[in-house]
Amino acid sequence: DTEVTQTPKHLVMGMTNKKSLKCEQHMGHRAMYWYKQKAKKPPELMFVYSYEKLSINESVPSRFSPECPNSSLLNLHLHALQPEDSALYLCASSPSNYGYTFGSGTRLTVV
Amino acid sequence: GDSVTQMEGPVTLSEEAFLTINCTYTATGYPSLFWYVQYPGEGLQLLLKATKADDKGSNKGFEATYRKETTSFHLEKGSVQVSDSAVYFCALSDSYGGSQGNLIFGKGTKLSVKP
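Note that the protein sequences, when read in sequence, are chains C and S.
Numbering of the first sequence is given in this note's numbering, commencing with residue 1 and proceeding in unit increments.
Numbering of the second sequence is given in this note's numbering, commencing with residue 1 and proceeding in unit increments.
Everything labelled a hint here was simulated from the structure, so no lab data went into it.
Just so you know, nobody snuck in bad clues.
If you want the ones that stay clear, here's a sample from chain S, every Cβ over 12 Å from chain C, calculated: (1) Val-11; (2) Leu-13; (3) Lys-56; (4) Thr-71.
Per the computed footprint, the stretches of chain S lying under chain C, defined by three or more beta-carbons under 8 Å from a beta-carbon of chain C, are: (5) 43 to 53; (6) 102 to 109.
For each residue, glycine too, the CB sits at the ideal point set by N, CA and C.
Pulled out of the complex, with its shape left as it was, chain C reads as follows (with noise of 0.2 Å):
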């Protein structure tokens, strides 16, 4: 398996509700990354998990709550986002500075 799933691909919600992203690798890749992609724009890093432990916040709002329930799984907690917060949301795994592998990621479009 070389790939990272990222669940669900699209994703719409109002900005009182809560929600989840999920991102698996089994890779056996001890970094995990979440990303935030604008239109147009380049991917800019949120946070960075290395053995399961966040490593950098990149002073992400707090409405924004990563989660590493272990060496596979990322998760992305969303709650009471604002419409600015729309964007694709990737999931990115690796092992080493030799290569990252990113999902597909998630559409997700605050309304």
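Starting from the structure of chain C, add chain S where the hints point.
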């Protein structure tokens, strides 16, 4: 801090034309360099990589050479196809003492190939 600069797009070419997308970087350590491709509506796919100076990465007819003297990693393809239409991101990952680096992206270059 570390940064990546790539040529502004969009780039429009006819099928079978030669492609060059310029990428230069600034880094204090010993970065690994990457090209990622993003097709419409999809996530990022690793196209090729190089981990040290003078390495040449290649894949699907694309190639790029890690030039430390010019701090560059230009992407080239001899004959583009309509299916190559996508956004291309140059990126670097730096490491310090073997620790995990994080990806730093250029702004992306949109390529459109016309039949």
